[in-house]
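*Asks:* We have chain A already, so just place chain B on it with the hints.
Quick note, the sequences are listed as chains A and B, same order. Counted the way the numbering used here counts, the first sequence spans residues 1 to 305. Counted the way the numbering used here counts, the second sequence spans residues 1 to 648.
What the hints contain is simulated information worked out from the structure, not anything from laboratory work. Careful: at least some of the hints might be erroneous.
As the list claims (entries may be wrong) - Cβ-Cβ distance ranges computed for the label pairs, FRET-style:
1) Pro305/A to Leu560/B: 21 to 29 Å
2) Arg588/B to Pro133/A: 57 to 65 Å
3) Pro594/B to Arg14/A: 38 to 46 Å
4) Trp517/B to Thr214/A: 50 to 58 Å
5) Thr591/B to Glu121/A: 40 to 48 Å
6) Arg230/A to Thr646/B: 38 to 46 Å
7) Leu155/B to Pro133/A: 56 to 64 Å
8) Leu88/B to Pro305/A: 53 to 61 Å
In this text, a Cβ means the ideal position worked out from N, Cα and C, and glycines have one as well.
Residues per chain, in single letters:
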Amino acid sequence: MSNRLSPVFTQVGRIILGKEQQIRLTVACMLARGHLLIEDLPGMGKTTLAHALARTLGLDFQRIQFTSDLLPADILGVSVFDRDSSSFKFHPGPVFSQVILADEVNRATPKAQSALLEAMEEHQVTTEGATRPLPEPFFVIATQNPSHQVGTFPLPESQLDRFLMRIHLGYPDAAAERALLESRERRDMISDLTPVIATPDLLDLQSQVREVFTAPALLDYVQALIRYTRQSSDFVNGLSPRAGLAVLNAARAWAFMDDRDEIVPEDVQAVLPSVAGHRLYPVTGYPSLGSGQLAERLIADVPIP
Amino acid sequence: MTVRDLSLANLSAILISLAMVIAPHAVHLPAWIPALVAVVLLARFYLGWRHRRLPNKFLLIVVALAGVAGIALSYRTLYGRDVGVAMLTVMMALKVMEMTRPRDTMVVVLLAYFLVVTNFFYSQSIPTALYMLLVVWVITATMIGLQYRAGKPRLRAVLRHAAMMILQGVPIMLALFLLFPRVQGPLWGLPQINYSAKSGLSDSMSPGDVSSLSLSDDVAFRALFENQPEKPAQLYWRGPVLWNYDGRTWRAGMNLTAAGSKAENLGAPLRYTITMESHDRYWLFAVDVPMIAPQGAYITTDYQLLSRRIVRERLRYDMQSSPLYRIGIDESPGTLRFARRLPPEASPRARALVAQWRAQGGSDRDIVTRALTMFREQRFLYTLEPPKLDADPVDQFLFETRSGFCEHYASAFTFLMRAADIPARVVTGYLGGEANPVDGYIIVRQSDAHAWSEVWLPGEGWVRVDPTAAVSPLRIERGLAAAVPETERPLLARNRFDWLKEARYAWDAVGNTWNQWVLGYNPDRQTRFLAQFGLAEVTWQNMVIILIAVSILIILALSLSLLFRINAQRPDPVQRAYLAYCAAMAKRGATRKPSEGPRDFAARVSMQFPEVRETAHKVSELYVSLRYGKEGGCDKLQELRDAVRTLR
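If we strip away everything but chain A, and leave its shape as in the complex, we get (with noise of 0.2 Å):
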C-alpha cells in the first residue's frame, strides 16, 4: 500500500516543507473520505497544500473564494435559460470538482457555507428541483482564519461537526523556512506536477481503508475516551457518536496508511487531536488554536484497556 502512497507524500513534501505530520492526516482524511478543515492564519500554505494534492493525486480541482458575499448559486451553479434550445440549461458551480477548496470558509454567511457543507454530507447537490450526484472522490478542504480576526461568521459546532478532521499548518522551522524562501515560486513548481496516482487507484484505495479490521478491545479503547469527554468536567459536552465513528475511520486510514490491517491504539492517538479537537470545548471558553491541546490531555489521561 505506502509504495502507491509513498510518492505522494514525497512529491506534496516537496512544495510543502517541514509539515509532513500535517500532510499525512490530509491523506488520511481523503483516504477516509472526510473533509478537512484547516484553521491557521492567511499564509501559511492552506492553499498550496490543497492544490499541490489535487495536482499530485491527479484531480481536478476548484478553488472557491468565501466572502460575505458569496450566493449558494455561485458554488453550486445556477440554470440559465439558453436562447438557441430555448430551455433553461444548468451550470454546474464550482462545487462539481474531486477536490475543492473552500477558502476562508469562514467569511461567507451562513447561507452560503450552509450550500456547501450540504453538499459536503450529501455528496450530492439538489438545486431548483434536480439532484445531480457529486463526482468521485470528492474532498472539500476549507480554510478558516482564526475566529477572532475580523469580519467572519464562525462555523456553528453543528457544522464543524462535518469536517473529519480540523488541522493546524503552523509555522514552518526556521531550516524549512530558509529552504522554502531559497526555492522557486510555489505556483510555478505546482504547475510541473504530475499525477502519481490513478483516480481507480484511489477510490480501490478508499475501499481498502474500509476493510481494516477493529477489533473488540480496540472499540473498548475508543469507549473509553468517548466515555471521559461525556464524564470529564474538562468539556461543555461530550464527543458524539458521530465523533465516534469518525475517530474510527480516521484510524482506520491511519494504520491503513501504516500498512497494517488492523487499528491499534498508537493510530487512535495519532489522529484524536485533528478528529476530537474541533469537537471538543473546554469549559473555560471558546476552542482557541490550541484546543487540539485538549485532545493531548485526553490522550495522557485515558488508560488503554
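*Replies:* Chain B in isolation, oriented as in the chain A frame:
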C-alpha cells in the same frame, strides 16, 4: 488436498495413532498382518516425507484382494470376530495409501476410534482400558491437528486441547454408562476363547492334581462377608464331591439332583457375597455347608452348589452358609452303599492294615481316630512336591513314599474308611483365603485348592475329616504358606516379598472394584445403584428418558460453564501475558504509561534498552496481532508467552 498439503506432522500423527491402536492386536493376529501394517505405515511415511506420489488404485486393489485372500487362508473362514478385526486392520492400513483429501484423513481418524473398540473384544482389563484412553487421547489430538488449515499448531497445545475435550466428555460417558439400560450377559454376546485353558478344580482328582494348582496365583473367587469371620484361613469352601474311585482317580459320579432336605443349622449363619471368576464348569463355591441356593443354582444331595448354566462369565451371588451343621443323618442305604464301594483288587496292603484295625475292635469313630493317629504319629510328610506314584497310589503312598499333598491324604484316608466299610467320600474345594486389608474382600486363589474327606457316622451324619490337619496342622490354621518350606511356596506367598504383597493387595482391590462396578455392572447392579437415588423399579423406557434428560443437563452445564469462562476472561490470556511483559520491563526501569500504546512502548523500550530491542518488538507485534488483529491462535499466544518468559 494433495500429498503435499498433508503436513508431515499431521501424517505422522495419523500413522502413530494407527500404530498405537493396532499394536495390541498384534498378539493375536497372524504374524503377517502386523508385518504388512508396519510396512504400509512406514512406506506411507516415506512417501509423505519425500513428497512422492501415492501408489495407484490398481496396485491398492491387488494388495487389498491379496489381503482378503491371506485372511481367508489364515483363518479358513471369512466370518467371525477375529476375521472382522483382521480385515478391518488390513483395510485401514491400506486406506492411508489413498489419503488424498481431507475427507480421507477424517475417515481414517474415525476408523481408528472404531478400532479402539475392537480391542475390548480381547481384553477388558484396567491396563487395556488405560492404554485405550491414551490411544483415544492421541487420536483426538490428531483430529484436532487436522483441523488447523493454516499454521502449525503446537503439539502441547493440541494435546491439552484433546485432553480438555476428553475430560468434557467424561460426565456424558458416566451418564451413558450408568443409565443406559443393561442387558443380562456380556454386552458383546461373543464367544470367548480358551475355555479349556483355565485352571481350577475339576470333577476328578488324581495324585498331583491339587498340588499343581497350588502354584497358581490366579483368583478363584472373592468373598465379602457381612461380618468378617475370625479366622478366614479356616473356611472350608465346598466344591465338587467325589464318589467313584477306580484305583487311581476319584471322580464325581453321583446323580446330581437337588437336595430334598436342608442342612441342619447348629450355629449362627454366615452371610456373604461371592464374586466368582468364570471357570466353565457348573459348580459354585460356598462355605461348607451352603444353606440357600442363589438364583439359577441349586444344592445337590451331597451339598454341592451347582449353577444351572455353565459359569462363563464373572458371577456374583449372595450366599448364606452354616459353619456348624448336621447333614445326612437319614442318608438312604443306597447312597451309603455307594459310599463304601472300592475297586476289589486295589491296594491290598491298605486293606490288610484296615482289617487289622477292625480286628482290634472299636466303633467307626475309633477307626477314624486310628487313621488320623497314624498320619500324625508316623513319619508322614506334607509337601507340595511329592514323589511320583505309579501303580497303586494308595499303597505306595501309605507304605513307601509317605509324603504327599492334601489330595494324597484325602484319597488315602477315604480309601481306608471305605476299606473299613465306613461310608466316605472326597470333597474338593478351597481352604482359607487371604483377607485383603484394602477393601475387606477375602481372596481365594487357585493355590488355596484343597481336598478333604467326609465320613458318615451313625447318628452324626456326614462328618468332615481333614487328614491334612493331622499331618500338618499349620496348613489348616495358618494357610499353605506356613505349612510348606519357603522355597516350595508360590512366589507371592514368600515372606520376603512382603512389599510386593502389599502392592498386590492394593492392585487386587482396584481390580476387584473394576470387576464389580465396571465389568460387572449388570441389570442387577444397575437396579441397585439406581435404587440409591430413589429410582427403584425403573423400566428401561424411563431409564432412556432419564438418560436423555441427564445428558441434556450435562451438555447445558458444560456450555454454560464455557460461556461464563469466555465472559470471565478478564484480563484474557493475551492481556495477562502482555501485563507480565510490562511488569518485567518496569523492573528494568521502563514503566509503561497506562495510555501508552504497545508499539510506542516497544519503541521507547528499545531506545532505552537496545539489548531487548528484538524481543520487545516481537512481543509488541504478537500482542498487537493477538489483541487488535483479525486472527488469533493458540500458537501465537504461546509464542508471546515464550517471548515474555525470556525477559523475566
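*Asks:* So, for every hint listed, does it hold in this structure?
*Replies:* Checked hints:
| no. | hint | in the structure |
| --- | --- | --- |
| 1 | Pro305/A to Leu560/B: 21 to 29 Å | holds (26 Å) |
| 2 | Arg588/B to Pro133/A: 57 to 65 Å | holds (58 Å) |
| 3 | Pro594/B to Arg14/A: 38 to 46 Å | holds (40 Å) |
| 4 | Trp517/B to Thr214/A: 50 to 58 Å | holds (55 Å) |
| 5 | Thr591/B to Glu121/A: 40 to 48 Å | holds (45 Å) |
| 6 | Arg230/A to Thr646/B: 38 to 46 Å | holds (42 Å) |
| 7 | Leu155/B to Pro133/A: 56 to 64 Å | holds (59 Å) |
| 8 | Leu88/B to Pro305/A: 53 to 61 Å | holds (55 Å) |
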